[in-house]
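Participant: Using the hints, position chains B and C against chain A.
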Amino acid sequence: MNSEAGEGARPRRTIDVVNASLKRRYAKERRFRRLGATAVALGLAFVVLLFADIILKGYTAFQQTYIQIPVSFPAEAIDPEGTRDPEVIGDANYMAFIREGLRGLFPEVTQRRDKRQLKGLISVGAAQLVRERVLADPSLIGSTQALWILADDDIDMLVKGHIDRHAPEGARRVSDQVIGWVDRLEAQGRVAKRFNTIFFTHGTSREPELAGIAGALMGSFYTLLLTLILSFPIGVGAAIYLEEFAPKNRWTDLIEVNINNLAAVPSIVFGLLGLAVFIGFFGVPRSTPLVAALVLTLMTLPTVIISSRAALKSVPPSIREAALGVGASPLQTQLHHVLPLAMPGMLTGTILGMAQALGETAPLLMIGMIAFIVDIPGGFTDSATVLPVQIFLWADSPERGFVERTSAAIIVLLAFLFVMNLAAVLLRRRFERRW
Amino acid sequence: MQAWTLVVFLLATMAVAYHLGRKRAIVRAGGASRIKDLHSLPAYYGLYAALWAGLPALLLMGLWVGLQDQILITLVTASLPPEMLEGLSDGRVGLLINDIKNLATGNIVSMDVTPAIQVAAEQYTRLRGIFQWAMWLAVAAVAIGGLSFAWASTEPRMRARNRVEGAVKVMMIVFSSIAILTTLGIVLSVVFESLRFFDQVSPLEFFFGTRWSPQIALRADQVGASGAFGAIPLFTGTLMVSVIAMLVAVPIGLLSAIYLSEYAARRVRALAKPVIEVLAGIPTVVYGFFAALTVAPFIRSLGASLGLDVASESALAAGLVMGIMIIPFVSSLSDDVINAVPQSLRDGSYALGATQSETIRRVILPAALPGIVGGVLLAVSRAIGETMIVVMAAGLAANLTANPLDSVTTVTVQIVTLLTGDQEFDSAKTLAAFALGLTLFLVTLSLNVIALTVVRKYREQYE
Amino acid sequence: MSTMAEVIEPTAGTISAADLASSQHSRATVGDVTVADPRMTCRGVDVWYGAKQAIKGVSLDIGKHEVVSMIGPSGCGKSTFLRCLNRMNDTIDGCRVTGSIKLDDVDIYDAGLDPVPLRAQVGMVFQKPNPFPKSIYENIAYGPRIHGLTNNKAELDDLVETSLRKAGLWEEVKDRLDQPGTGLSGGQQQRLCIARTIAVSPEVILMDEPCSALDPIATAIIEELIDELREHYSIAIVTHSMQQAARVSQRTAYFHLGDLIEVGETNDIFTNPKHKLTEDYITGRFG
Chain A
1 MNSEAGEGAR
11 PRRTIDVVNA
21 SLKRRYAKER
31 RFRRLGATAV
41 ALGLAFVVLL
51 FADIILKGYT
61 AFQQTYIQIP
71 VSFPAEAIDP
81 EGTRDPEVIG
91 DANYMAFIRE
101 GLRGLFPEVT
111 QRRDKRQLKG
121 LISVGAAQLV
131 RERVLADPSL
141 IGSTQALWIL
151 ADDDIDMLVK
161 GHIDRHAPEG
171 ARRVSDQVIG
181 WVDRLEAQGR
191 VAKRFNTIFF
201 THGTSREPEL
211 AGIAGALMGS
221 FYTLLLTLIL
231 SFPIGVGAAI
241 YLEEFAPKNR
251 WTDLIEVNIN
261 NLAAVPSIVF
271 GLLGLAVFIG
281 FFGVPRSTPL
291 VAALVLTLMT
301 LPTVIISSRA
311 ALKSVPPSIR
321 EAALGVGASP
331 LQTQLHHVLP
341 LAMPGMLTGT
351 ILGMAQALGE
361 TAPLLMIGMI
371 AFIVDIPGGF
381 TDSATVLPVQ
391 IFLWADSPER
401 GFVERTSAAI
411 IVLLAFLFVM
421 NLAAVLLRRR
431 FERRW
Chain B
1 MQAWTLVVFL
11 LATMAVAYHL
21 GRKRAIVRAG
31 GASRIKDLHS
41 LPAYYGLYAA
51 LWAGLPALLL
61 MGLWVGLQDQ
71 ILITLVTASL
81 PPEMLEGLSD
91 GRVGLLINDI
101 KNLATGNIVS
111 MDVTPAIQVA
121 AEQYTRLRGI
131 FQWAMWLAVA
141 AVAIGGLSFA
151 WASTEPRMRA
161 RNRVEGAVKV
171 MMIVFSSIAI
181 LTTLGIVLSV
191 VFESLRFFDQ
201 VSPLEFFFGT
211 RWSPQIALRA
221 DQVGASGAFG
231 AIPLFTGTLM
241 VSVIAMLVAV
251 PIGLLSAIYL
261 SEYAARRVRA
271 LAKPVIEVLA
281 GIPTVVYGFF
291 AALTVAPFIR
301 SLGASLGLDV
311 ASESALAAGL
321 VMGIMIIPFV
331 SSLSDDVINA
341 VPQSLRDGSY
351 ALGATQSETI
361 RRVILPAALP
371 GIVGGVLLAV
381 SRAIGETMIV
391 VMAAGLAANL
401 TANPLDSVTT
411 VTVQIVTLLT
421 GDQEFDSAKT
431 LAAFALGLTL
441 FLVTLSLNVI
451 ALTVVRKYRE
461 QYE
Chain C
1 MSTMAEVIEP
11 TAGTISAADL
21 ASSQHSRATV
31 GDVTVADPRM
41 TCRGVDVWYG
51 AKQAIKGVSL
61 DIGKHEVVSM
71 IGPSGCGKST
81 FLRCLNRMND
91 TIDGCRVTGS
101 IKLDDVDIYD
111 AGLDPVPLRA
121 QVGMVFQKPN
131 PFPKSIYENI
141 AYGPRIHGLT
151 NNKAELDDLV
161 ETSLRKAGLW
171 EEVKDRLDQP
181 GTGLSGGQQQ
191 RLCIARTIAV
201 SPEVILMDEP
211 CSALDPIATA
221 IIEELIDELR
231 EHYSIAIVTH
241 SMQQAARVSQ
251 RTAYFHLGDL
261 IEVGETNDIF
271 TNPKHKLTED
281 YITGRFG
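Just so you know, the sequences run in chain order A, B and C.
Under UniProt numbering, the residues of the first sequence are numbered 1 to 435, in order.
Under UniProt numbering, the residues of the second sequence are numbered 1 to 463, in order.
Under UniProt numbering, the residues of the third sequence are numbered 1 to 287, in order.
If we strip away everything but chain A, and leave its shape as in the complex, we get:
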């Protein structure tokens, strides 16, 4: 490079060199740009794929197959003395009545083996549902009703098209004979899909058609309620102290470091803490919303504290100075002036923390929330499970019917999370202030 060549020669050369390589450089530019666009597209595709997969797997679970069967309730078998005593009525063998009606539809079935298959058309829980119905309306006794009876999960799957009819008979869960019967019932208009209320009103069950998320939902509700009661005041209190009052010393430094690190500690470690400390040491009953809420509170506290501090930070110091200037005490300044302004931000953070708690599964496995609990919990110390754990348990079940129910439970869970996140976004937008 000869710098003394002067500008006459060199710049010409520069621009020529630049122009010569320009095409290659722009090709690179386009490639890079396309790479980025591909990454974004992939990210978006994953979102779509995930939702599509779950919705397609799960939407059928919101309907359940019923079979219309004429069921007669002979008075002499149910309530021979006409007392209408619920205990007497409840004792009757309702399954027998249903089977009687079913046999009436298929008079040709006489073989014992076939009869057993015929019984398999309807759910084992159908008798209980019919019983509740008669108990609610004793006037049914003595009559014959065309009742819609809950179908077995295999039949449900068959009707919903989840069972491949062309597979060899041994490879599917329903025989050719049963398929024939179901087709005949369908032709008679005796098969119908109705809204699956059981899914929303029942606890879990070993039978897919009887399994519902009501127990898990209530468990989640109690857990979340208690988590909120504990983490909101503690989180806000800690945030106010750390942001507004705390002196800068080693103790508060230690607290800061701890909060930041706890936010990134794997959730399962909190499960170990809950198991060893809350259950092992303090004797908090296992499998209860109480112990779940304690663990989740510790887990969500960093989230709540960090976002609450951000909200406090966004309130300009002039507000504090104005309040202190008219003689308010530091605490009054906080409570009367700063806190109301920071509250939307704090609530937003708390809602996001609650959403995190609602979806959390791993630590709850450690503290016994995976017990099989059919009953719907009625309080903080009843044994319970929560929605995500229920999803985990169902996902492990081999029955095809549970696949769609798991997906449906996921849809419900995602719907709750969506609503919570939406609320947080709206809250933020509604109260967002620019100072």
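In short, the hints are calculated from the structure, not lab data.
Note that the coordinates shown come from a computational prediction; the quantities given were computed from them, not determined experimentally.
Careful, some of the hints might be misleading.
[To be verified] In silico DSSO-like pairs for lysine-lysine, Cα to Cα no more than 27 Å straight-line:
{"#": "1", "chain 1": "A", "residue 1": "K248", "chain 2": "B", "residue 2": "K169"}
{"#": "2", "chain 1": "C", "residue 1": "K274", "chain 2": "C", "residue 2": "K64"}
{"#": "3", "chain 1": "B", "residue 1": "K457", "chain 2": "C", "residue 2": "K134"}
Facilitator: Below, chains B and C without anything else, positioned relative to chain A:
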């Protein structure tokens, strides 16, 4: 539940105390017209009384509820015939106590009910009843006592506001310290159980052994003796799943952050960014379901069509889905970091005639590198600690393999497997979970500390 | 203000009406905007930020081997105008430039013209030194590398040394070329940025208040450097300091609220301003 009624009672007492304290202050000042003589507003005297009525009583109650079980167990154990406890390990005693408690609460019992146990259960029930009543009385007495004290000490010159504020401040300090207590609780709970584990299994075997099969330890005669607790297969399994996840998440997350912050039109960015971030809000159990029921079978059939033998629970499926989960984590961290690179550096590069991609690759990315590395470290820490995806999709077989199509197991999977189901608190199998937990905690902690330091340093550089 | 402007008639002006056609409400410039041997010629340049007009019908030439300084109060548009000259304004959303700016008779705002090679010809030095977070060597080598100006390592080494020498930095940094450029002092960083710009052998160097972040000693060194660089390059410098403009430039342009008020030989502008606004500014009545 008596505890809840007691809480309600205390809240009611506090409400009453508030009113009494307020009235008392006004009366002591000489009527509503002379409120000005009070040091603080009347409400503060009410709060003062309410705090005295509620706080000590609540503290006592918390202590009582927390310690009652320990004391009860000690008492009941002490009353058991000594020959019953002879020769039993701590764990066996624990099981016995559990049975007594279960019998008392009407739950299923694991062993034969002997008369001695029956008696112990009855005694447990009786003692618990007494304890409950004693708690009621003690707590109520403390509440009333506190209220009386506040009543007696209320006088116009008392600085009620300052005292209330002092109490509130102390409460806030306690709340802030919960973070430290949590860390302490985590450390203590995993360290103690881990120490007991390392009593039975040498740390050398645990950290460097290559065979993991804790189930052997289930046999009573072999507790801790010959169960294989070499955690290397778990570490390599965790590593493999995490590496696969990073291979998915880092390029996609980083490139999409670059594209959205440097190239995309504002409207595209406003739409695509939140949609990708939706991935961050999806519970991990949903990813686990997706991995186990959709991705794993897909990879398996894809492998089969290529003539490859893919395990039904392959590391690849779990890693892929974990990578998807971590994409938004990487992309939003990278986005922050890239936006923190000052515009002046971009200008400098453009002014030399660099194209956009040259500027990004040769100026922005090197400048943002420390921040990106910090973000990736945080993501790695998250991948290592992720549980549900691997529990549902990675399997249990502790294979020491480098083939991503094989089934592997991870640290978190083993923690869950070892601790769910029947638990004896001192079998090496259960304790191993805590040793794994300790390892996990230390590794993620150091990753986090390093990452947070790197990111902070990076931010300070451009502030 | 506007009444004042009307009172004073422009004494000179060689711009045709066609050149001004696109410009609305612009004030005519006092003095001769052209030079005999121009490198860049700007005619009737308007710049809009959204709906706000930042530059109003500015015409100005930048000659070979000369330093043109642009002065004026804050917000007068001098920096905006400077950024038009190598299309750095492209990176700002909502910025629109009309009129004609030619580099060696090529319109740089022509739809088909690519800003990348343009910027290799028209380099820029910024207000705040902005060395890349790389080594000193890599800072200089960056431009030649992306443009492929050298064929081998030896050539590149040579070019780095030459550029640093021209920027008067070589003696200070020759032993620590592998150390980060951000570790240098403010004045050294700015000279590094100048060296970085020189390394791609541009024809024009734009300087946007290059000394405003520097101490007086560093400023003196840079000013000396500018004077030396004039031998090889055309330089347009925006400055806040009238003394600096007087020291380094041959011609001076005075901007006011988006208008180019007066252009002339630097000596003339400072000793004998013709426009009332120019006089007010250089006598320190505002600005």
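Participant: Against this structure, judge whether each hint is valid.
Facilitator: Going down the list of hints, with the structure as the test:
1. A/K248 with B/K169: Roughly 16 Å between the alpha carbons, so the hint for A/K248 and B/K169 holds.
2. C/K274 with C/K64: Judged against 27 Å, a Cα distance of about 25 Å means the pair holds.
3. B/K457 with C/K134: holds, 17 Å
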